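First to last, the protein sequences are chains Y and A.
Residues in the first sequence are numbered from 1 upward in steps of one, following this note's numbering.
Residues in the second sequence are numbered from 636 upward in steps of one, following this note's numbering.
Incorrect hints may appear among the rest.
As the list claims (entries may be wrong) - DEER-style ranges, computed between Cβ atoms:
no., chain 1, residue 1, chain 2, residue 2, range
1, Y, V27, A, R666, 16 to 24 Å
2, A, I981, Y, D424, 55 to 63 Å
3, A, L840, Y, N185, 54 to 62 Å
4, Y, G398, A, I796, 53 to 61 Å
5, Y, P194, A, V935, 32 to 40 Å
6, A, W835, Y, V46, 36 to 44 Å
Claimed, not checked - Simulated pairs of lysine to aspartate or glutamate, DMTMM-like, Cα-Cα distance not exceeding 25 Å:
no., chain 1, residue 1, chain 2, residue 2
7, A, K810, Y, E219
8, Y, K348, Y, E502
9, A, K810, Y, E190
FYI, nobody ran anything at the bench for these hints, they're computed from the structure.
These numbers were taken from a predicted model, which means no experiment stands behind them.
Glycine included, every Cβ here is placed at the ideal spot set by N, Cα and C.
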Amino acid sequence: MRKSRHNLKSPEQELRIFRVRALLALVVVFSLTGLLMGRLAYLQVVQHEVYTTRSEKNRVRVEPLPPTRGLIYDRNGDLLAENRPTYNLTLVRERVVDLDATLTRLVEILELSPEEAEAFRVRSRQRQRPFQPALLMSDLDEGQIARLAVNRHLLPGVEVEAQLLRFYPDAEVMAHALGYVGRINAEELERLDPGRYAGTHFIGKTGVERFYEDALHGEAGLRKVETNARGRVLRELGRTDPVPGKDLILTLDKRLQHLAFELLDDRRGAIVAIEPATGGILAMVSAPGYDTNQFVTGIDVAAYRGLQEDLALPLYNRAIRGHYPPGSTIKPFLALAGLAEGVITPDKSIYDPGYFQLPNDDRRYRNWLRWGHGRVDMERSIAVSNNTYYYSLAHDLGIDRIHANMTDFGFGTRVGHDIFGESDALMPSRDWKRGRYNQPWYPGETLSVGIGQGYWQLTPLQLATATAVLANRGHWVRPRLARRIGEEVVPEALPDTPDDIELANEGWWDRVFSGMEKVISGHEGTARRTGVGLEYRMGGKSGTAQVFSLGQDQKYNADELAERLRDHALFMAFAPLEEPRIAVAVIVENAGGGSTHAAHLARAMTDAWLLDDGEPDAEEIREEMENDDERLAGN
Amino acid sequence: MALSGLSRRWRPYPVKAPASGMSRRRGFWERVHLDPWLLGMLLLLLCAGLVVMYSASGQRLDTVISQGIRFAVALGVMVVIAQFTPATLIRWALPGYLLGVAMLVAVELVGDMGMGAQRWLVIPGVIRFQPSELMKLAMPLMVAAFLSRRELPPRARDLVICAVIVGVPVVLIAKQPDLGTSLLVGASAVFVVLLAGLSWRIIGLLAALAAAAMPLLWMNMHDYQRRRVLTFLDPDSDPLGAGWNIIQSTTAIGSGGVLGKGWMEGTQSQLEFLPERHTDFIVAVLGEEFGLVGMLAFLVLYLLIVCRGLWLAAEAQDTFGRLLAGSIILTFFIYVFVNVGMVSGILPVVGVPLPLVSYGGTSSVTLMAGFGILMAIHAHRRLLPR
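For reference, chain Y alone in the conformation it holds in the complex:
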């Protein structure tokens, strides 16, 4: 232990120290290697007999036990996704002697069509973990099971296993909200924990099934079995039971969901209804739907192509991915922004000659009513959906303040808490336009935004959410589909909920609500026909979204082309006014001018939720609407 302390480095001393230490290290390395060699010699020479015996007797295999997938219920406990026992055909490639011969024999036994046989072969070649059974065919019928049993001795490596298969009783109605499970593909196989997914063939692909995959799946168990030399199971030696997946209880109301789906009928569109107090989604429908059960067992190519090429785009989830210009539905929100920013007061009115002009600009921005509404204050501007008022308001606010205020309501952002695949649509801003088109923002574009046209695009979910926040007088709740995951209740205040919107004057909410009530119940409200016989107070706003261009690069026939150029009908509403229990957004594509259709659907939804007068009948409501149309045409 030398205590010498000098400030000069001494290379010789450092070298000396290193050499000693390296030599010591070498000694340690040799002794540790000697230890390993000793251990190996002990195992392989001294204990050789013991282990040889053990190895001979080692016919024990560990088999995975896949967990049962959690069930999904609606808010009233109605089953939305269940597990049906079925028989599946699996194949362990490593145990098959001649794969081609085996497949040919299977095709014969199962009496498959040439297409099915081909799909079968493709599946057998798909990548799989070694010694893991690959799923060749699900849902075997009894005849097939019987024939397989007879030929079992000819088919080593092939097993018929009983398994629970996902089944959706309301497949089409729930398709977009629930999503579906499907076969685990090669890419997912890479990503998944092999232990957890051992023996599992299915995984959530979209929707709730995908978002809550972890909770729904559960934990795999193990079974220790003794096998004969060919790997056939003789008896079970021990097991760890799998932990079944958690059941989900959704906020959806099956009754309301069915109603929304039937209201849309064979139209293209979406309806989203939210409970404002909790953010729970009561209904989320995108129409047309499709049969998700087809995807569970493996949809065949022709059927899939049919769905993909369907002009109505049934696979497209309009409720969360559809981009629509909001039209006039956003006028109440802009009015609030105007109040908050001090640009307008509730009582200040403007004179509408039928158009608005920017200073030093000849161009006239027209109101939808050519001769104008005359004196218009804020409430009336909402009730009659006056454009001039909002041109002026938008001009005074400017795009920056519009963008900031509208973003506070969730426009242009992903609002859902547990919604897979949501789009954030578009709330345009100066920065966005610079980034997208490398162009400055023009004042005229602000005016378009002011009446919900131009670049602004929203999803039905965003509109429903903003309506719920509005109904809550600025209190934010994030829309969610899950109410309970197993025993765990999804809290109302989610961690990343946006800040509540606070106004300097609480009374302003009432003034905006009053304008929205006049839309439905006022003598000149744009949806006054919807308000006939209303048993509670309701606020709403209609909207018409112009369709300028065709979205899809597809061939349309002339009739269809004309139909697809028609405007989209929008409506947002909440009720009852005093203590809102439902907020709803309705979008019906190409429903034509006016928004009465959408308004009727919204009314039907609120009626169904608020008035407990038995099952709502979509058929009846539609008939009423048609009569209404005829009366209107007669006028």
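Starting from the known structure of chain Y, fit chain A onto it as the hints suggest.
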């Protein structure tokens, strides 16, 4: 080669080699900055590894080929790194270390979950890698660079700084959680300090402290890590879970006997009784199919590589090179010891691969990059002032 290497140390200045046949070959190795002995032994190891892999993967040629490609890449990396001078390496020490720590923090924040642990950093569509691998090289580089500028043996103040340098990434890696890698990274730094001449009194003190810290470590371990340690003490307590691997791997090795059951003839490994047989547990396949003879051959080869590595380290011209090279080669040995130790049941299972034999790309690349550094230090020593 070894002899000429020794004699060269006494020459004050580089001497141009005469154009004889013998020295022309030596000239070639010097031009490519590679050490032929080390290279030869590594190639032998890689080839033997592929042979075992063919059997361990269940005769899957695609697995062997992809492993071969990884090896080729790793060799390429080694050759490239060997071209750098130690002066360059020393310049990389601090930026490399900081980059590594930054990426570990990034993993903590945005890392990708894989098998229950957060170890991966993913740039979507571009790359997906483990920053802890980079740390395996950056750590000894940093500590060696730091200590080589100090007066040695290191004083208390320097040791405290070292402890901070080592502590931050080790804790970050352990948090992922990846106990095996954090121990390896920590060990690589400890080797540098030990080789630099840490006083025996402090070594004793630290050893006592480490023993005292054991309960603390135990309390901070994840359940599965604790289970592994307990299972190690009594494998039969959990025959279906963690104990399964140990029971199966010792059975495989023990039943192999002196001469083994023959290539691809191992019943234990071929009948899928061995999980992870081509990754961390490949030694069990080796032991079953090639017996004690095969195992000893592999261990001797590893031992020779370590000896050659230590020799190259001792030959290095400056403290930085010596410390770095010594640490790299000793860490390499720790891999071997821990892996063989855990598979043969004398150490708990801590996810460490058998170097250059187990399946996996990242670890091979890191290891070969380490050998590249070793060769760089050796090959460029005449360019450095003494």
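Of the numbered hints stated previously, which ones are contradicted by the structure, given in increasing order? 1
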